[in-house]
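Here the protein sequences line up with chains W and B, keeping their order. All the letters of the first sequence, read from the start, carry residue numbers 618 to 751 under this note's numbering. All the letters of the second sequence, read from the start, carry residue numbers 618 to 751 under this note's numbering.
In case anyone wonders, no lab produced these hints; they're calculated from the structure. Be careful, since some hints might not be right.
No copy is singled out in the list; a pair is fine if it fits within one copy or between any two copies.
As the list claims (entries may be wrong) - Straight-line C-alpha distance at most 30 angstroms; calculated BS3-like pairs for lysine-lysine: (1) Lys634 with Lys750; (2) Lys654 with Lys750; (3) Lys646 with Lys656.
In case you want the letters, here they are:
There are 2 protein chains.
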Amino acid sequence: MRPVTMTPIGIFHTDSKQIPRHWAISDVKGDIVIDEKYKDGLKDIQTGQKIIVIFHFHQSPPFESCHLIQKPWHREKEMGVFSICSPLRPNPIGLSVLKVLEVKGNVVSVVHADMVDGTPVLDIKPYTPGDFKE
Amino acid sequence: MRPVTMTPIGIFHTDSKQIPRHWAISDVKGDIVIDEKYKDGLKDIQTGQKIIVIFHFHQSPPFESCHLIQKPWHREKEMGVFSICSPLRPNPIGLSVLKVLEVKGNVVSVVHADMVDGTPVLDIKPYTPGDFKE
């Protein structure tokens, strides 16, 4: 497989030291500081809407075969890595759905974060609830 | 920003030549053929469930500043790249929610695909509809 190299579009900053394991249970606030050269791409992101944030689990140790099956923190049984949200995965990509509090210049302030301070952000996508059905 | 290098976990294959622009409007079927070394990580992926597939828009040309604002195919006005699903983005990462038809060995058969044949897949995550609310 041919490797793919990406450069983060920005960095997430938060003062919070207690980061929940999942955005669905988080009230953590923070700022995504986007590289100035991508600032114009933030046009149309509005206060109150939700966005999908794709990020790099930059603190994850290298993936090893013993991580293919893991016991999630909130479950009783071990599960395959592609059925859980563990940061320990073949490609350490994270996904969160965050609510936008404000967009000011190149800074997107958000709530519901499950990223630690300093997390590199790879992409922001629109969240269209109508598409996410049962 | 420090570059991040990822290696695809598998490749998506489909016979379909007509690929819709979005998974929410697609009935395209195909197979995600996972690298044999990650096969055990597919444990717990079940027929009928939905999964989040993160993939590489491998056919996208290099991103340029003129792509920061684009007119989506289904909209009247130009929008910021982070508010649309265009494959032309700073990091060419795609996201689809697909329904699992079958898991057999290292092959995950799916429907609702919006990936072209040969698309490198970077990650598979569980889709938990309860988390994706308004």
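Could you place Lys646 and Lys656 in one of the four classes (within, between, both, neither) given a Cα distance threshold of 30 angstroms? Answer is within; shortest intra-copy Cα gap is 21 angstroms, inter-copy 37 angstroms.
From the Cα coordinates, with 30 angstroms as the cut-off, is the pair Lys654 and Lys750 best called within, between, both, or neither? Answer is neither: 35 angstroms inside a copy and 32 angstroms across each miss the 30 angstroms cutoff.
Copy assignment of Lys634 with Lys750, given that the CA separation must stay at most 30 angstroms: Classified as between: cross-chain Cα gap 26 angstroms, same-chain 33 angstroms, threshold 30 angstroms.
Hint violations for this structure: number 2 only, all remaining hints satisfied.
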